Amino acid sequence: MPIGIGYFAVSFAFGIQAADIDLSPFQAGLISLMNVTSAGQFAGLTVIAQAGTYFEMAILQFIVNLRYLLMSAALSQKLPPDTKTVHRLGIAYGVTDEIFGISIARKGPLDPRYSYGAILSAVTGWVGGTVLGASAGAILPEKVVSSLGIALYGMFLAIIIPPARDEKPVFIAVISGMVLATICRYAPFLRSLSEGMRIILVTVLVAGCCAALWPVREEESGVSEDE
Amino acid sequence: MRGSVYIYILVMALVTYLIRALPLTLIRKKIKNRFIRSFLYYVPYATLAAMTFPAILFSTDAPAASLAGFAAAVVLAFQRKSLIVVAAFASLAALLVDLLIMYL
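Residue numbers (this note's numbering), protein chains in the order written: chain A, 1 to 227; chain B, 1 to 104.
Looking at chain B on its own, in the form it has when it is part of the complex (with noise of 0.2 Å):
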């Protein structure tokens, strides 16, 4: 028997919020402590590198086509393209090798 599908979502929404909001609304003054300031800082850049990759490697149905679409990302990231510029020709160069794939 499954449960309510409902109460499932009211759970998963309750301890996501809350996560967000506890440090949000607690630490209200700037930290003075320079290694956790510098902690903080360094914070997105490490969990979005480690949150992209191998990850990026697995996002599509072929690894051939993963590979294009990073290859891609990452030398228009270098470029500083906008992040929709990066994300579009991503997805486009994924579905390119994927399509070559197919045909070969």
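If we strip away everything but chain A, and leave its shape as in the complex, we get (with noise of 0.2 Å):
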């Protein structure tokens, strides 16, 4: 499962920064079970390490994952709309990045059952590449380590291109976003919002763009009315 491979690789580099603060690996796995997300998690190992408050905590993390806000609401139009709550609380749990790139990525109304077995894949490889990382991550080599970093920006480019290849407006939304993206990291001000924020706005700005301008019809935005 690819997902489980890309995981391990970026968590392995999150269990073995984890270690250099001091984290036990029962407890950097434990982050990444209760946590499964990577950006957020690497920015709260920095608050661990510099012992900011909790308060400071729970801000950081809402801002670095507030996209996951906006992906919830994308992915509750693909569930059926009869979908149980309990259903809906579990596949909350999986909300990531690489699961939202998969689920969005399939044809029809979403599974529950896809949603669990893509998780369970993934959360496996997150925990297991964690714990692994934390206890034995000064075994690999450096450059090693160093080069996995990119694994997961790889995926990135595999959910997203091939789209962009087939949709004038999904490419125009690509190639803005990474514009934007990479204005806003050098530009005056923007630069010293958080990554997080920087995310949220050039998604709000693009995907609000691109609606605007291509709207999209019944039988693309995911579930179509007579299902």
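Since the hints were derived computationally from the structure, they do not count as laboratory data. You can trust all of the hints, since none of them are fake.
In the SDA-like style, the derived pairs of lysine to any residue whose C-alpha atoms are separated by at most 25 Å in a straight line are:
1) Lys84(A) / Thr25(B)
2) Lys168(A) / Val74(B)
3) Lys107(A) / Ile27(B)
4) Lys30(B) / Thr83(A)
Among the chain B residues that face chain A by a calculated CB cut under 7 Å, a handful are:
5) Ile27
6) Ser91
7) Asp98
Residues from chain B shown here face chain A by an in silico Cβ test under 7 Å; the list is partial:
8) Val15
9) Thr16
10) Lys29
11) Arg34
12) Ala87
None of these values were measured; they are calculated from a predicted model. Where a beta carbon is used, it is the ideal one built from N, C-alpha and C, also for glycine.
Dock chain to chain to rebuild the complex, using the hints, since each chain is given by itself in its own frame.
Have a look at this one:
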């Protein structure tokens, strides 16, 4: 399962960093099990390392992970309306960048069982990689660990590029997302925002403009009405 | 004095879960508004693109290695290779360039 392996690489790096600030493999694994978020967890480590307040931790997680609010809202449209609350709560646990990506890439309505399968594979790789990285990360050559850092982004590109080839509005959304994110990273004032905030800003701007310019037809927006 | 690691973990998990659970449980109907539907359709592409670039250029120790990995990923993704193939070859390309720099 690709997600499990991709996750393994990134969580391995997370485990190494957690061990660096003296967390035990158990604590590192617990963070991965309870959060399942890459950027949020890495950000959380800095708060723990700098002995920040719990409030600081809450605000930081909120900002870094706010994009999941948008993803979760998008996923709600992909679920059959009669999906039970317990399944909604279950799927919510696994709203991550990768699982979101593959869920959206699937045609037709989303079956909770599909999500559970993806979550199981992802969380196994995520927690396993974390524990292993935290306990044994030092064995791997530094260059190997460093080059694994790109795996996650490779996965994102594999998710967004094929549909961008097929649909011009998606192509424009992808390119303008990248260009604006680059501008935000270096522009005065904007660069002082956290990375999470910048991503939200770019997402809202790009998705808003594309939605206004190229509204989607019924069949493109996930589930069609008669299903 | 550092706070309890376990309380930190609990705070992280709680905030993160609420962000994910609220929209999924509160939005139960199909949204009729065409603009909002279209907006949500473009969200994943915009957000994954913004998360990937320029961050991918800083994802390994050497900028040249990251650039090589990025190029490999774009070419393979364009050919519709699977997620794992793209991710693996991006890492491999980055590693090769990294090693090349070291031995040159």
